[in-house]
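Spelled out, the chains give:
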Amino acid sequence: MKRTQTALAGLAVASLVLTACGRDDDSGAGGETQSTEIAEGAATGTIEVWAMGTEGEELGDFVEDFEEANPDAHVKVTAVPWEAAHDKVSNAIAGGDTPDVSLIGTTWMGEFAEADGLMPTPTDLVEEADFFPGAWQSTEVGGTSYGVPWYVETRVLYYRTDLAEKAGWDHAPKSWDELHQFAADLQEAGAKNGIYLQPGQTGAWQTYLPFAWSDGASLTNEEGTEYTLDSPEMAEALDYYTQFFDDGLSITRNVDPGEIESSFAAGTFGSFISGPWHTGLVEDAGLDESQYAVAPLPGRDAGMGTSFVGGGNLAVFKDAQNPDGAWKLVQWLSDPEVQQDWYDEIGDLPAVQAAWDSGELADDPQLKVFGQQLTQTQSPPSVPTWEQVAGTIDSLVEQAARGDLSGADAVEKMQSEAQSIGTGL
Amino acid sequence: MLRAAPRPTVRTVDPGRRSQAVAGWILASPFVVVFVAFTAGPVLASLGMSFTDIRSTDLRTPFAVEFVGLSNYADLVQDPVFRKVTVNTLLYLLLGVPLTMAVAMLVAVGLNSVARLRGFFRVAFYLPVVTSIVAVSVVWKYIYRDEGGLLNTALSWFGIDGPGWLDSTTTALPSLVVMAVWRNFGTLMVIFLAGLQTVPQEHLEAAEVDGAGAWRRFRHITLPTMRPVLLFGAVITGIGYLQFFEEAFVMTKGGPLDSTRSVTFFTYDQFSYGNYGYAAAASYLLFLAIVVLTLVQFRLLRERD
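Chains as they are written, first to last, in my numbering: chain S, 1 to 425; chain W, 426 to 730.
Bound-form chain W, shown alone (with noise of 0.2 Å):
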């Protein structure tokens, strides 16, 4: 057995090295360039603007602003209606994530368990992902409809006169969160599935005959194999629905008496009147708040020893 010799305590550049790092830097030169100049670029750029005062009409001269220093931001705190999507995005995400990943494992609890048909019934949940989101909330527009909506039809049959479920301030947000999980459900489940195959056959097995029963065996077994793929859901769902926009904007353009706007439709809205400092502020505050749930969830789900 060969004994590797002790490191030269001086510290001395190899030619061949630095030859290689050369070579190195120049095959990725292209995408280097490409980087800096379409993704850090902008995003350093719209950083900076959150700190001016920069409005669409400075288009020409976009060096004659004003710094404003952290003014945005501390406009943004104060903003009635910054604080009311606030508080309407927490809504969507409180309500949206627990609610997509029962859906998700349910359903993919279920699909692994049938044998015959899951690729059919995979394909058919994994559908509306794929589906145009304009597309598919026009149709849902018609579904929650007061009158002549599916929902409210299939209600009568029961006698219950269901109300314009779009048109109240308390049942819009709500409605467009069922929406969503039907949609968003389905990438959750296909990883849920494959996350399920990792679970030890045998320690379920061994669990059964000490007499474990389903519900034991997927609580005490099943879920925390699955802690890694649950934190990932977690993660992807929780910055989508933080990101919740689409939906709002065709199906109830952020009203009734803007109950259902979000953090990005507000941005949304600044960016289009024109008030690119103050929307770039606002965005950045979004960014801030996903790398804080972020967190949060690797904290609460990482593997524990």
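Isolated chain S, as found in the complex (with noise of 0.2 Å):
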């Protein structure tokens, strides 16, 4: 008895305390001036980065070049594995003790942000008409900008040659009518399904909204602070995009990994829509470039669609030590001579246009289409619910694409259920 009464004190306590805390109504991202300009002259004391993957184990050797033009500078990089990265930033916000840069997940930008992470993009640091608007629109949340693009990657169509030659045709489709009888066409040449289109689960979303994006649709107001989901532009897109499945030109079950390219180079799939990876991945799997090629997604009636845009941002914190130093590498490897460079390096596709230029990026066939993509992407809105909004997304895709859900249904649950959880902001 007198324990529950002492558990009745201590629960009654701890509401009190909570209730008397509550949420200020000016926090949060969006409505934040840019940052100040930056200090002149070289950068100074120690620079901490964090970047993930491949980024953060060549960048260390890579900015010795910077150290040599900033000799009072030195950068000290530290290698997070993508699986922790999410994570270990977010605990570092948490505990006010963060580096002064790091590479953001562009799906992050929303999140980190919001949570008071990150500080706002300097005014005069770079030219955001340098980069791909696809790319800049996921530096900005809630209007304001909260870091650079460093490198982007975007999706594109992989198709067999050798089977669109049998099938007639001699250039890649153009329009969604021509995707799909040329999906249906590639079916008769011999591929036992004529196009890979993922039919729901994480990331469906991704090829999904390329189509709805093409066809003109936004994914939120002009403010960004609500969403527009049920627009008819994204249920005819996904009325185009189930009648794949329909019509039995893609199959409705989830690939394995490695699936996609093994099945690719045996013929099995006749083309796909997917990212620059894919690239080695199916040369890999024993094509050789003459057996495949790549191309701008289509658009709906005529002209090139539009794309979606990933990669990573360089973001500083609020709570970097040397925010100076920090906003004066970003700007260094926003340089298009840097950019190419660090594409030789390690063939991050770079965020900056000029870099496209001249070099490999500006000859090879392949890259040139995805760098003719890049020009014509979207991002997904930078809030911190996005993630989970894509999985409404993906769920509802899901379901138009296996079962009976007509497309003005699905995107009218999508708007319900992205209402009710709301932008974050």
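A couple of the hints might just be wrong.
[What the hints assert, rightly or not] Beta-carbon label-pair distances, calculated as ranges:
1) Thr595(W) - Thr202(S): 20 to 26 Å
2) Phe545(W) - Asn91(S): 47 to 53 Å
3) Thr54(S) - Val458(W): 40 to 46 Å
4) Thr54(S) - Thr595(W): 39 to 45 Å
5) Val502(W) - Gly95(S): 34 to 40 Å
6) Gly95(S) - Val564(W): 37 to 43 Å
7) Asp409(S) - Thr595(W): 19 to 25 Å
[Claimed, not checked] So these bits of chain S aren't anywhere near chain W, every CB distance computed over 12 Å:
8) Thr33
9) Gly56
10) Glu67
11) Leu125
12) Asn221
13) Glu226
14) Tyr240
15) Gly299
16) Pro336
17) Gln353
18) Asp357
19) Pro365
20) Gln366
21) Gln419
Worth flagging that the hints you see were computed from the coordinates, not collected in a lab. Cβ atoms here follow ideal geometry from the backbone N, Cα and C, with glycine treated the same way.
Combine the two chains into a complex, taking the hints into account.
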């Protein structure tokens, strides 16, 4: 009895403490002014950098040129594995013990900016127009930019040229109708499935939304404060997308890791939509450049479609010890020549448009396709709740692709769920 | 014989006992500190979180959140996805527990009656328990594959065209249960095997002399004697199935169409979406379900006089 009383008293105290807190209205990202300009002169002091994956391993040696130009500065790079990166950064922000600058996945921008962890980009640091517009869009949370795009990736159409030739196609499809016909013809020419489109589950939105964007859909209103997922364009794009499954042109099950490239090499899949990493994987699977090609996504009626852009941004933390040095490093890494060198080093596609004007990036036919597609891309809204909204879209795409949910009903559900989730800003 | 002196009615504190108590607490303090800081603290904190709207973006200011009372719990009960995963979890429980216990009992009785190679089989059947769940799930994923999967290849010898077991909303969940039974029955088998040794041999022999067949001996002597062991088995297996997660995470990612998503999987999703308050509420509902289930099992299987 006594124990129950103590427990109840404890709960009461806890709830009182909690009610005493409550949110401030003005907290969070957006509406912040960009930072003040950075100081003149060379960078000084230690600059602590976190980077993930290959970037983390190679960046340490790569910044030697920067240190040469800024003799008083020392760059300390810590490699963080991608799997641990999100939690590590969010713990660092929570504890106020962050590095100066870090590579941030584009879809994390909203969350970390809203958690008050990132510093707005200084006004005079870089020119927004130098970057691919879709990539710059990913740095903006609630109208304020919180970082600079470092590298990008975008999705294009991969197809078997030998099968296409057999089917009588000497060019890649250039409209939605053509793409559908193309997939059907590849199937006729011997592919088991004319195309592979992801039928649902994590990440399906990255294949579906480009069709909606190509149709002119916008995921949020102008101010980015509310979702607008139930537009006729979203519904039309989803109906078009599910048509591939209804007509048996794409399989309705999710593939196993590695299955896309092996099926593509075996001629089981005639085409698929994916990012730049697949050129290497496809060639490892046994195809050479004469057997397959990449092409920009087709627009709805004609011209190039709009694709998804992802990649990594560089952001400086509010708790940075050396923000001035950090921004100068970011500025250096955004230089077109440095971006080109970085591409030569590890193959990250440059986010700065001028870096594509010369060298391998300008000459290689496959890379040119990616460069061309990058000029017409969108990124999802940078809001803290995006992953959850994306999860909802994935699950409704699956219901439309595998079940009998119509496009209009699916997008209506997307909208009502997204509305109840909110933008989180 | 000495008779104990009647206890004094006035409570006095023996100074020796008090200093003993102090010494005891001092000796126990390292554990108490660690327990409070790393076990009780987080548990209570997560309980507190379940009454607030805390999200991942509040990490820098964890106390600047709104107290929302029971609204997380109310939202959960109305959430169609949460309802779906609750039904799935109940299916895991209702299919998994009886099946695991039955298989474990069958194998234990079988092993109990063989004299040779018992050790070998005991190890062989226990082996899946100690293997890595992720590795095993990946292998089973290939067993269940539509084309070229081991199961469908075997079925095709008999002219049966098996489906993609994990690709259909009706077969995916039972397929996962079968795999979980295969993986988990080893523990129970070892426990049941030990329990079988406690069944008094004289009773069985007496029953046999009285003409009771093998089934009746098992039903009326073995099973009642093993009641406490069965209770223990039911409780730990039940808790395991209520927390079903890894198999679905690796093999189906919760699909197709959420048909294999469990409550733990749902909680995991909500945590990764950053909805800490909502996720904490979901995990406390699961905790409540485990407590209720355990109480029910104790009631059903407790010793009868």
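Cross-check of the supplied hints:
1. Thr595(W) - Thr202(S): 20 to 26 Å: holds (23 Å)
2. Phe545(W) - Asn91(S): 47 to 53 Å: holds (48 Å)
3. Thr54(S) - Val458(W): 40 to 46 Å: The hint (40 to 46 Å, Cβ to Cβ) holds, given that threonine 54(S) and valine 458(W) are roughly 43 Å apart.
4. Thr54(S) - Thr595(W): 39 to 45 Å: Because 43 Å falls inside the window, the suggested range holds.
5. Val502(W) - Gly95(S): 34 to 40 Å: holds (35 Å)
6. Gly95(S) - Val564(W): 37 to 43 Å: holds (40 Å)
7. Asp409(S) - Thr595(W): 19 to 25 Å: About 23 Å separates the Cβ atoms of aspartate 409(S) and threonine 595(W), which means 19 to 25 Å holds.
8. Thr33: holds (20 Å)
9. Gly56: Label holds. Min Cβ-Cβ 22 Å, cutoff 12 Å.
10. Glu67: Given that every Cβ of chain W is farther than 12 Å from that of glutamate 67(S), nearest at about 32 Å, it holds.
11. Leu125: holds (25 Å)
12. Asn221: holds (21 Å)
13. Glu226: holds (18 Å)
14. Tyr240: Tyrosine 240(S) clear of chain W: closest Cβ-Cβ about 21 Å, beyond 12 Å.
15. Gly299: holds (31 Å)
16. Pro336: At roughly 35 Å from the nearest Cβ of chain W, proline 336(S) sits farther out than 12 Å, so the non-interface label holds.
17. Gln353: Non-interface label stands for glutamine 353(S): nearest chain W Cβ at 32 Å, farther than 12 Å.
18. Asp357: Label holds. Min Cβ-Cβ 39 Å, cutoff 12 Å.
19. Pro365: holds (35 Å)
20. Gln366: holds (31 Å)
21. Gln419: Per Cβ check, glutamine 419(S) is outside 12 Å of chain W; nearest 14 Å; holds.
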